[in-house]
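K.L.:
Each chain, letter by letter, is given below.
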Amino acid sequence: MSAEPERSTEEIKHLRRCINDLVSVIALPATWTGGAPSQIVGNSLDALVSMLSLDFIYARLRESTGTVFTEMVRVGSSWEPKLQPEEIRERLQPWLENDSEKLPVIVREFFGERAIALVPLQLGMLAEIGVIVAGSQRADFPQQTERLVLNIAANQAAIGLQESGLLRTQRQIASDLDQRVAERTRELATINEELIREIGERKKKEEELRVNEEALRLAHGQIARSEERWRSVFENSAIGVALTDLDGRFIAANPVFQKMLGYTEEELEQLRFLDITVEEDREANWGLVQELLKGKRRQFQIEKQYRRKNGGAVWVRNSVSMVTGSEGVPQFLMALSEDVSEQHEAKLALDKARSDLAHVARVSTLSALTASIAHEVNQPLSGIVTNASTCLRMLDSNPPNLEGARETARRTIRDGNRASEVITRLRALFSKKSASFEPFDLNEAAKEVIALSGGELQRNRVIVQTELASELPSVLGDRIQIQQVILNLIRNASDAMSAVDDRPRELLVETEREESGTVRLRVRDTGTGINPEIEEKLFDAFHTTKGDGMGIGLSVSRSIMERHQGRLWAIRNEGHGAAFLFSIPCSTNT
Amino acid sequence: MQRPLVAVVDDDESVRESLPDLLGEFGFDSKVFQSAEEFLVSASVGQTKCLVLDIAMPGMTGFDLQQELKVRGQSIPIIFITAQKDDTVRTRALKQGAVGFLAKPFSDTALLSALNTALGLR
Chain A
1 MSAEPERSTE
11 EIKHLRRCIN
21 DLVSVIALPA
31 TWTGGAPSQI
41 VGNSLDALVS
51 MLSLDFIYAR
61 LRESTGTVFT
71 EMVRVGSSWE
81 PKLQPEEIRE
91 RLQPWLENDS
101 EKLPVIVREF
111 FGERAIALVP
121 LQLGMLAEIG
131 VIVAGSQRAD
141 FPQQTERLVL
151 NIAANQAAIG
161 LQESGLLRTQ
171 RQIASDLDQR
181 VAERTRELAT
191 INEELIREIG
201 ERKKKEEELR
211 VNEEALRLAH
221 GQIARSEERW
231 RSVFENSAIG
241 VALTDLDGRF
251 IAANPVFQKM
261 LGYTEEELEQ
271 LRFLDITVEE
281 DREANWGLVQ
291 ELLKGKRRQF
301 QIEKQYRRKN
311 GGAVWVRNSV
321 SMVTGSEGVP
331 QFLMALSEDV
341 SEQHEAKLAL
351 DKARSDLAHV
361 ARVSTLSALT
371 ASIAHEVNQP
381 LSGIVTNAST
391 CLRMLDSNPP
401 NLEGARETAR
411 RTIRDGNRAS
421 EVITRLRALF
431 SKKSASFEPF
441 DLNEAAKEVI
451 ALSGGELQRN
461 RVIVQTELAS
471 ELPSVLGDRI
481 QIQQVILNLI
491 RNASDAMSAV
501 DDRPRELLVE
511 TEREESGTVR
521 LRVRDTGTGI
531 NPEIEEKLFD
541 AFHTTKGDGM
551 GIGLSVSRSI
561 MERHQGRLWA
571 IRNEGHGAAF
581 LFSIPCSTNT
Chain B
1001 MQRPLVAVVD
1011 DDESVRESLP
1021 DLLGEFGFDS
1031 KVFQSAEEFL
1041 VSASVGQTKC
1051 LVLDIAMPGM
1061 TGFDLQQELK
1071 VRGQSIPIIF
1081 ITAQKDDTVR
1091 TRALKQGAVG
1101 FLAKPFSDTA
1111 LLSALNTALG
1121 LR
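Protein sequence lines correspond, in order, to chains A and B.
Each residue of the first sequence is one higher than the last, beginning at 1 in our numbering.
Each residue of the second sequence is one higher than the last, beginning at 1001 in our numbering.
In case anyone wonders, no lab produced these hints; they're calculated from the structure.
The structure displayed is predicted, hence computed values, not measured ones.
Worth double-checking, as some hints may not be accurate.
As the list claims (entries may be wrong) - Label pairs and their computed distance ranges (CB to CB):
id : chain 1 : residue 1 : chain 2 : residue 2 : range
1  : A       : P400      : B       : A1110     : 20 to 28 Å
2  : B       : Q1096     : A       : E342      : 31 to 39 Å
3  : B       : L1119     : A       : P400      : 22 to 30 Å
Here a beta-carbon is modelled for each residue, glycine too, at the ideal position from N, C-alpha and C.
Same shape as in the complex, but just chain B (with noise of 0.2 Å):
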């Protein structure tokens, strides 16, 4: 049985770290880009059930990165990581159809659960 492909973009090193197994623990599997750029090159975008985005990164934030797909008619559920704990980027980010909001740190169960609504969506 294939495991569910989710895509985690995040400048921070630590994030692309660590994520990976604790995905891996839940029973996803998972692919790390460290950029917005990088991930819309790669060949995962079409395969990305689920994406782990960062929103302030130097070149496209998260946001543009949201927009972006948007245009291209990709409609990958998103969960926002964020280390700013900003009311209006949190409401931003929702409003615009994002699934989950997760402020760092955020807790396992927190990620799983968002994961799982965004799963449990499509």
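Looking at chain A on its own, in the form it has when it is part of the complex (with noise of 0.2 Å):
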């Protein structure tokens, strides 16, 4: 019983101690969570080196990228000196290079005068990991249960360094994802910021030209509707517009302008306007137009006659203004044109009816007062024959007083003569053809009178106002006397009022016809009637209330209103003023 149990004990002792150290090797991995390989390795290649009673053991890791690899060496505590891990590369280098399924199982060397059995152990399925050298001198290395220690060993670091390395390559893809996500998300952000950027500034820049489109939609709009109210006012108006070039040169003419010349618009582009303005008005025309051009003035107004093509002539009343460009560069004339030639007539016609008037005025004055004429012919006369009489009684006396009838012949020569200027005078007066009785319009003749004294009655501030008979049949009798006699009413009306302040000042001149074959006019105003007291009086000659008067207006009037079978009257107005009437035979009638 001595050797078997002897040995039946070392082996028992011997696998127990097997089973502690697998047991221990198992437990390696709890203490490499989440370690790097070098720790791996080295806890394994500690555990190792003391379990087994090793001289050394050598690991040598590949790592990641395949060609670079990591050693390291753990010696025993009976081994002296110290090993590197280059010694036991150098050993190995011929196996180690070649294909790791060519791993032999031990391998003898000599370290110094040491026999070392060395045994490789492969990392992985393929020694892809790395490899594993455990060195012991002992004669029995390596024991059945020390290479089953060793390769579970090698197996659990293979393990731990696969899953480390498994973990590290997660965790740097996670790192590596985290950061291409953070830089993606960063990217993004960016584009985002970007984006947002960019569509707000499209935003803007489409509001923009939304708005611009809007205005420019509304510009063109009013530049359409405002050059359509232009030409429309060009094309329409009344009055005749035309444009030249600085030079007068006609550039555009609306159509009344056209019709005033008769000429057409292109007819008118190839002349000056100088060439249609008659001769006497070229020269102050052209004047005023280089004031305006000198920027003397700015516009100027002038009366002149244009040559029509069909060679009349037609009076206008031109206002002319300088057009000038948005810096102040005369571009063109404008003309606005009026044809007056109507008022020009009229014109003509009142001052003639004026002339003629005035003419009358003095005509019957002297023709219808005899009174009047006497006064300035009868007077000298009287001299005369009062000294001739006394003068011949002087000479009949006994003795004659010649003496005295020497004096009386030398005034009545002196008297004579007197009589002679003012004949002389009166034939002056005289002079125009008398008075002719013909069928007229009284209303007309009453308005010709009317516009003849606006301006008088403004400036005494009357208003005028008239109530005129249509149909009114003509009347018999010198126009121009019962116009004389008509705007002395109205003159004497004016006067009447120039006091009067607290009413307006009006004044009506109405006509009507009359049962009697006759036509009435009536001048009635609201001035200061008539007084009772001198009611008789009114009529007579050299009656006055006025401070300037020669009080012979209302005598005149009379005299030609009984001339013409016609009468004239006044009546006091129930309220304020007067008014005179007078009534003139229908031609008919006679």
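Please assemble the complex out of the two chains, which come individually in their own frames, going by the hints.
P.N.:
What follows is the structure, given as structure tokens:
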């Protein structure tokens, strides 16, 4: 029983030790959690060199790139001097470099004088992770149990390394991923900001564009409407409108202007305005244009005559102004041209009428008022007669009073000369043709007088109204003398209101047909009225209520009316003022 | 023997010059005034036996003077002389009590006749 039990005891002891080692080896990975490869391998190497009482143990790990290796070595306490990993690698080089599948089971090498059994263990199925080499100088190395422990430890390490590598890879991937996500996020954020900014800008630009387009559309509309309006004003203007360049050549002319001149617009474009201005107006007209061009005046008015295409003349009143560009540079001339031919004719007629009336005023004053004429003529005649009579009486007396006769004869001659002068003056006054009786329209005659008195009435702040009967029959008489009467009545009415300030100064001129085959004209005022005391004297010659009057107006007027088989009278108004009326026979009645 | 006083009121100088000589030939004394106002303030009003009076004058007319004298109770016979031949004036003058109405120019005999009438009435 000595050898067998001894051996069994030894064996059991050995096995127990092996199992303890295995348990320790299996427990190793618990400390590796999250560990680095060097920690895993180092930890394994430390455990193995200690458990198996190895002389040394060597590990060589392939880095992830595959071409770089990490080496480490652990040496047992009995090994002196220290062993460097390079020495072991050099011994194993021949087969370490070879195909990992061909790793030998055991290699015996001398280190110094010591024969060392080297046991290579692959990490990973094909040693793709690395190699561990355990070395011991014991002859029985490696026992089966030791090989078991070594293999399991190597497997454990390989698994740990793989897990570590995976973890690292995962972490790396996760980190990379995080980084990429972060980068991408940053990129996205940047892009997003960029986009937001771009969107904002685009929106802004779109809004600006929209606003601009709207403004443009409105502006176009306004321009179109404005052009349309101005074109319409130009085309439909009631007065002529013409544009010329600065030399006066026509650029455009509206229909009224064309019609007024008898030229088409095309024909006008071949002409300067001076070409169609009558000779006598050209110099003054061009002078005014020069003042415009020199900036001496902004515009001017001129009344002148154009020569129409058919040779006739037309009176126009032109308002000419300079049209300047944006920088005040003269561009063209614009003339607003009004045909005033009729007004001009009316003015000429009015001037003539005024002259006629003025003449009649003199003529009628003298011819109708014999008293006035007599006063002029008879005064010296009276002197002549008296002096001559006295002279004769003095000569006839006994003895003759020669001295007195001489004196009275001298006076007679003097008065004779005076009378002659008076007659010369009167002949001059009467030189115009005498009054003629013809049918005429009393309304028209009255209107002319009202127009003639317009300025004076306006100055006196008199409001004139007319109520002229329509279809009034014509009357027979001297139109100008009747107008003189109307003028006289209107002036009297105006004068009678000159002191009136507490009520409107109203003048009403009315005409109406009367039953008796006559026409009546009434001039009614709101003046001071007729004082009862002077009512009788109203139509007397030399009676006047005016400070500067002659007192012959109403007297003359009544004489004129009487000579027309008419009459003139006055009535007091119920309110203020007076009315003077005359009636005159209709022409068909006589 | 005192000669009767005839006053002449006329704004016309030739009348004032010529009439006194003629009136003198007729045997009257005379005084001339160039306006009605001048006559009214003179001392002659009371002595005047006849007034030869122009109608148309600046200021008071002949008619105005006639009226004024009537108001004052002075009944002096008046012979109007006027350069107007207007019948309305003549009618009015005579209606208001004038003794005579002579249109200029008048004859010396017409004046003398009117003066005699005027003074004979008195």
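K.L.:
None of the hints should be skipped; say for each whether it holds.
P.N.:
Results of checking the hints against the structure:
Distance hint check for A:P400 and B:A1110: the Cβ-Cβ separation is about 24 Å, which falls inside the suggested range of 20 to 28 Å. Restraint check, B:Q1096 to A:E342: a C-beta distance of roughly 57 Å breaks the suggested window 31 to 39 Å. The hinted window of 22 to 30 Å between B:L1119 and A:P400 holds, with their beta carbons roughly 27 Å apart.
The structure fails to meet hint 2 from the earlier list, while all remaining hints are met.
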